[in-house]
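**Student:** Residue strings, one per chain:
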Amino acid sequence: MKKVYLDNSATTRVSQEVLDAMLPFFTETYGNPSSLHTMGQEASAAVQKAREQVARAIGADAEEIIFTSCGTEADNLALVGTAYANRKKGNHIITSSIEHPAILRTCEFLEKEGFRVTYLPVDRYGMVSPADVEAAIRPETTLISVMAVNNEIGTIQPVREIGRIAKEHNVYFHSDAVQAVGKVPINVKKDDIDMLSLSGHKIHAPKGVGALYVKKGTRIQALIHGGGQERNMKSGTENVPGIVGLGQACEAAIRDFDKNTAHMKRLRDKLIEGLLKIDRVRLNGHPTIRSPNNVNVSFSFIEGESLVLFLDMSGIEASTGSACSSKNLKASHVLLACGLPPEEAHGSLRLTNCAFNTEDEIDYVLETLPGIVDRLRAMSPLYKEAARTTT
Amino acid sequence: MYSPKVMQHFSNPQNVGEISDADGVGEVGNPVCGDMMTIYIKVKDNVITDIKFKTFGCAAAIATSSIITTMAKGMTLEDAEKIGRKDVADELGGLPPQKMHCSNLAADGLKLAIENYRRKLQGLPPKSGVTSGEER
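Those protein sequence lines, which keep their order, are chains A and B.
Position 113 of the first sequence, counting from 1, maps to 126 under the working numbering, and the rest follow consecutively.
Position 83 of the second sequence, counting from 1, maps to 118 under the working numbering, and the rest follow consecutively.
None of these hints come from the bench; they were simulated from the model.
Keep in mind that a hint or two might mislead.
[Unchecked claim] Computed list of lysine-lysine pairs in BS3-like fashion (alpha-carbon distance at most 25 Å, straight line):
#, chain 1, residue 1, chain 2, residue 2
1, A, K16, B, K87
2, A, K125, A, K343
3, B, K87, A, K397
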């Protein structure tokens with residue numbers, strides 16, 4: 014059976030060049046970067062090289078990069094770290110209603126700690142309005158956190174405008190760019206970003222490594238205490254092979270940016286065009302201002318999990334939305350925030366490609382999917398009801 | 036996540052469809068929550084002679100609908116209405132805990148179909164088990 018992996022916003026495969034870069038750090042250069050001996054210092058140099066590679070990918074300086082164990086940890090450090098460190102200045106945070114749970118659950122934690130959080134609405138395409146951001150700023154606001162690209166619907170947020178507003182009001186701006194790096198241009202200096210989260214396994218590095226960019230001079234408090242690694246911001250022995258992999262993946266993402274994004278966009282548009290030929294389907298997210306790798310559609314009258322499982326039986330691996338929500342029975346908070354009725358939101362399907370996918374694979378999906386939709390609709394009492402009301 | 040039997044009934048569901056001249060129809064669930072089910076029964080001499088279903092929902096919802104139709108076919112109404120949610124889940128080799136409360140609507144749907152059959156005999160209008168709102 015043909016296998017097509019279209020769940021690259023959940024995780025990506027480790028590329029060969031990343032794997033090759035990592036391998037020596039498991040069995041040959043396995044020293045602890047804190048050790049003074051030669052192998053320890055070689056490991057330390059490898060971490061420093063990766064820090065420079067990551068920094069280059071987002072327009073930062075190497076000393077502004079803090080390696081973490083994942084994007085979620087980077088988000089937690091950014092939000093909780095700045096909230097605590099700037100408590101005397103104020104206790105108000107602004108974010109959007111369509112953020113990843115790594116941001117939303119952290120904001121809920123901070124609310125329990127006495128902080129106030131404004132959750133901004135989005136328009137039907139999942140876009141945050143910069144005017145709304147500005148209107149929400151109060152004297153006690155210390156942080157704005159808006160993601161660069163939404164993980165479910167792929168909408169690209171007006172990060173640069175939000176960054177400018179934050180700067181004008183002397184408020185820190187954090188952006189969760191886990192789905193943005195390698196897919197949309199991002200530059201922390203030009204975009205006035207004070208903190209930015211990224212994750213290795215979304216860009217062909219392994220799971221278990223991420224990074225937080227923290228602009229020089231940002232007041233932030235560590236969450237993990239210990240040996241003082243990562244400028245005291247994230248103690249714990251460095252995941253050297255993972256960090257090396259992240260560095261190599263960032264270098265490749267920037268080196269191949271134009272070629273890869275053009276390819277992903279071509280596949281994305283072919284998929285969208287083909288899927289929109291199916292009856293009663295809608296494209297979620299922005300029609301044009303969207304990640305080159307993201308397709309999110311809702312099929313009326315059917316439920317996403319069944320669709321994903323039938324696709325899996327045909328060798329196509331996809332998602333109903335965020336992989337983190339697959340055990341959650343509620344409809345996607347992102348799609349609900351975009352105004353979809355819950356029964357439509359339950360029927361969503363996310364197909365996310367990467368540079369390794371091919372046109373043949375997209376053809377296979379377009380050949381396979383309509384039959385599955387028909388089969389599930391034939392089973393659905395809602396479809397019968399709809400047919401009755403439209404005839 | 037799902038037992039082999041759930042996947043078997045999900046991928047090859049039994050008794051899908053509707054019975055146009057059904058003696059009893061049970062419609063349960065809530066599309067807002069992502070699960071809705073309709074069970075149709077034909078009854079002769081107090082025995083379920085035919086049963087079909089239509090389901091909008093997850094794999095567990097489809098599998099529970101399918102298996103309950105195979106369990107109830109040929110049963111007396113009294114025996115069929117004794118089939119509980121746990122019986123359906125046990126017959127499927129278990130369901131994930133988070134799916135138990137929302138997906139195992141099949142037992143409710145069958146009970147409602149039987150109730151509506153009896154109401155029909157008494158000339159009463161059918162009851163609906165379709166709910167609205169976010170919570171259930």
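**Student:** Now, for every hint given, state plainly whether the structure supports it.
**Tutor:** Hints versus structure:
no., hint, verdict
1, A:K16 / B:K87, "34 Å, violated"
2, A:K125 / A:K343, "23 Å, holds"
3, B:K87 / A:K397, "14 Å, holds"
Violated hint for the displayed structure: number 1, the only one.
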